[in-house]
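Visitor: Line order of the protein sequences matches chains E and U.
Residues in the first sequence are numbered consecutively from 0, following numbering that gives the first Met the number 0.
Residues in the second sequence are numbered consecutively from 0, following numbering that gives the first Met the number 0.
A couple of the hints might just be wrong.
Said to hold, decoys possible - Pairwise CB distance ranges (calculated): (1) U/S43 <-> E/G55: 21 to 31 Å; (2) U/A45 <-> E/V186: 17 to 27 Å; (3) E/K49 <-> U/G185: 36 to 46 Å; (4) U/R60 <-> E/A124: 21 to 31 Å; (5) E/A155 <-> U/R34: 24 to 34 Å; (6) U/D162 <-> E/A25: 15 to 25 Å; (7) E/A154 <-> U/A141: 14 to 24 Å; (8) U/E75 <-> E/Q143: 30 to 40 Å; (9) E/G122 <-> U/R34: 38 to 48 Å; (10) E/E159 <-> U/C99: 38 to 48 Å; (11) U/R60 <-> E/P101: 45 to 55 Å.
What the hints assert, rightly or not - Reference listing, derived: stretches of chain U covered by chain E, where coverage requires no fewer than 3 residues with Cβ under 8 Å from a Cβ of chain E: (12) 44 to 57; (13) 67 to 79; (14) 93 to 104; (15) 111 to 118; (16) 163 to 169.
As the list claims (entries may be wrong) - Keeping only pairs whose Cα atoms sit at most 30 Å apart, straight-line, the calculated BS3-like set for lysine-lysine is: (17) U/K49 <-> U/K111; (18) E/K123 <-> E/K111; (19) U/K49 <-> E/K123; (20) E/K123 <-> E/K134; (21) U/K49 <-> E/K49; (22) U/K123 <-> U/K111.
Don't read these hints as lab results, they were simulated from the structure.
Ideal Cβ placement from N, Cα and C applies to all residues, glycine included.
2 protein chains.
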Amino acid sequence: MRVYKIPEASVMRLVVYSRLLGQLMAEGVDTVSSRDIARCAGVSSAQVRKDLAYFGAFGTRGVGYQVERLYDSLREILGQDKQRRIMIVGVGRLGWALACYPGFYNKGYTVKAAVDVNPMLIGKAAGPVVVADIKRMEELIAAQEIEMALITVPAAAAQEVADRLVAAGSRAILNFAPCVIRVPHGVQLRNVDLTVNMEMLSFNLLQNS
Amino acid sequence: MRVYKIPEASVMRLVVYSRLLGQLMAEGVDTVSSRDIARCAGVSSAQVRKDLAYFGAFGTRGVGYQVERLYDSLREILGQDKQRRIMIVGVGRLGWALACYPGFYNKGYTVKAAVDVNPMLIGKAAGPVVVADIKRMEELIAAQEIEMALITVPAAAAQEVADRLVAAGSRAILNFAPCVIRVPHGVQLRNVDLTVNMEMLSFNLLQNS
Chain E
0 MRVYKIPEAS VMRLVVYSRL LGQLMAEGVD TVSSRDIARC AGVSSAQVRK
50 DLAYFGAFGT RGVGYQVERL YDSLREILGQ DKQRRIMIVG VGRLGWALAC
100 YPGFYNKGYT VKAAVDVNPM LIGKAAGPVV VADIKRMEEL IAAQEIEMAL
150 ITVPAAAAQE VADRLVAAGS RAILNFAPCV IRVPHGVQLR NVDLTVNMEM
200 LSFNLLQNS
Chain U
0 MRVYKIPEAS VMRLVVYSRL LGQLMAEGVD TVSSRDIARC AGVSSAQVRK
50 DLAYFGAFGT RGVGYQVERL YDSLREILGQ DKQRRIMIVG VGRLGWALAC
100 YPGFYNKGYT VKAAVDVNPM LIGKAAGPVV VADIKRMEEL IAAQEIEMAL
150 ITVPAAAAQE VADRLVAAGS RAILNFAPCV IRVPHGVQLR NVDLTVNMEM
200 LSFNLLQNS
C-alpha cells in the first residue's frame with residue numbers, strides 16, 4: 000500500500016474532516032467548499048486545502064470537493080475501512096463507558112476482550128464482552144488476536160500494565176490513565192488525557208478574556 | 000495578562016509537556032533535557048525547543064531545563080492555575096465516568112452541575128453532584144456560574160443542547176457526542192472524538208506494517 004508522509008497534526012485534522020464529511024453525506028450534501036470544511040473544523044481554508052493536497056485531493060474552484068469521493072479517500076487513508084480488534088484493560092467507570100461506547104463499532108473498532116483485577120467485576124458483561132481476570136490478559140491478546148489495547152486502570156498501575164502488554168506483543172496502546180507511560184521504540188503509543196481538551200478551551204478563554 | 004500567539008498544535012503539546020514535568024517533579028527530578036521531553040512526548044527535540052521558546056523558556060546547553068520552573072511557567076501559560084466550574088449535560092455512562100473522573104479536580108476543574116433528561120437518573124449522586132433535570136440547565140448555568148459545559152448526550156440531541164447552552168450564555172463547550180456541532184463565532188468549542196486517538200494509532204499501524 001501507499002505510505003503517506005503526513006504530519007501527525009494533519010492526520011488529526013483529517014479525522015475531523017472525515018467525520019464532518021460523513022455527516023454531510025448523511026444530510027445528502029453533494030459538494031462542500033474548503034471554507035465550509037474550515038469553518039466546521041475550526042481551522043483556516045488554506046490549512047484544509049494543504050491537508051487535503053497531501054494525498055492528491057484537490058477541490059474545483061467555485062464548486063469545492065465532492066463529499067462522497069473525499070469521504071471514501073479519507074477513510075482509506077486513515078485505515079477506517081479496516082476492522083481493529085481491541086482490548087480494554089481496567090473496567091472502572093471509564094473502561095466500562097468505553098466498552099459500551101457506540102461510536103467505536105461504526106468506525107471499525109470492536110471490543111473483543113476486557114480485563115480487570117477486581118473479582119466483583121470478573122464475569123460481568125461490559126458491552127459486547129464478559130470481563131475476564133487480568134491474569135488472563137496475555138492469553139486473551141493471543142486468542143482474540145488483539146491489535147490495540149486501551150489502558151483504563153488507575154495511574155499507579157498503568158506502566159506495569161503497559162510493560163505486560165508490550166511483553167505480550169501489543170504493538171498499539173492507547174493510555175487513558177492520567178499519567179505519561181513509556182514504551183520501547185516500535186510500539187505505537189498515544190497518551191490520551193481527557194483534560195487536554197478542557198485545557199485547550201481554558202487557554203482559549205484566557206486569550207479572549 | 001500577557002497574550003501568547005501560540006498555534007493550537009503547540010498548545011496541545013505544551014499540555015503533554017506539563018503533565019510529563021509534573022510527573023518528573025513527583026519523582027524528584029531537577030533538570031530535564033529537550034531530548035528527554037521529546038522522547039516522552041513523541042516529538043523531535045527541535046520541536047520541543049521551538050514550542051518552549053514561544054514563551055521565552057530556554058534550556059541551558061548541557062544542563063537542560065529546570066523542571067519546577069518550567070512546570071510553573073507552563074501551568075500559568077495554560078491557565079492550569081485557574082479554577083474552572085464545569086457542567087455535565089447527559090449523565091449516561093460517559094457523562095457519569097467524567098463526573099467521577101479523578102483527573103479533573105487536580106487540574107482545577109470542578110464539576111458543579113450535571114443534568115439529564117432521564118427521570119431515573121434525576122436526584123442520583125454522580126461524583127460530587129446530584130443529577131438535575133435538564134429543564135433546569137439554564138438556571139443552573141447562572142446559579143453555579145458555570146464556565147465550561149461538557150456535552151455527553153447522544154449525537155442526535157447534541158446540537159440542540161449546544162444551541163441551548165449558547166443561548167444561556169455558555170462561552171466554552173466541549174462536545175463528546177460523536178458528531179460535529181456548530182456554534183456562533185465567539186463561543187469556544189472543541190469536538191472531542193474518543194476514536195480520534197484510535198484512528199491515529201490505526202493510521203500509524205498501517206504506515207509501519
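Visitor: Hint by hint, say whether it matches the structure.
Guide: Evaluation of the provided hints:
1. U/S43 <-> E/G55: 21 to 31 Å: holds, 26 Å
2. U/A45 <-> E/V186: 17 to 27 Å: This hint holds: roughly 23 Å between Cβ atoms.
3. E/K49 <-> U/G185: 36 to 46 Å: Since E/K49 and U/G185 have Cβ atoms about 26 Å apart, the given range 36 to 46 Å is violated.
4. U/R60 <-> E/A124: 21 to 31 Å: Once the Cβ atoms are compared, 57 Å apart, the range 21 to 31 Å for E/A124 and U/R60 is violated.
5. E/A155 <-> U/R34: 24 to 34 Å: holds, 27 Å
6. U/D162 <-> E/A25: 15 to 25 Å: This hint holds: roughly 19 Å between Cβ atoms.
7. E/A154 <-> U/A141: 14 to 24 Å: violated, 35 Å
8. U/E75 <-> E/Q143: 30 to 40 Å: violated, 46 Å
9. E/G122 <-> U/R34: 38 to 48 Å: Given range 38 to 48 Å: holds, Cβ gap about 47 Å.
10. E/E159 <-> U/C99: 38 to 48 Å: violated, 23 Å
11. U/R60 <-> E/P101: 45 to 55 Å: holds, 52 Å
12. 44 to 57: Since 0 is below three, the answer is violated.
13. 67 to 79: holds (count 4)
14. 93 to 104: holds (count 9)
15. 111 to 118: Contact hint for the stretch 111 to 118 of chain U vs chain E: violated, 0 residues under 8 Å.
16. 163 to 169: violated (count 0)
17. U/K49 <-> U/K111: violated, 37 Å
18. E/K123 <-> E/K111: holds, 14 Å
19. U/K49 <-> E/K123: Not satisfied, since the Cα-Cα distance of roughly 49 Å exceeds 30 Å.
20. E/K123 <-> E/K134: Roughly 16 Å separates the two Cα atoms, so the pair holds.
21. U/K49 <-> E/K49: Distance of about 22 Å is within 30 Å: holds.
22. U/K123 <-> U/K111: holds, 14 Å
Violated hints, listed in ascending order, are 3, 4, 7, 8, 10, 12, 15, 16, 17, 19; each of the other numbered hints is respected by the structure.
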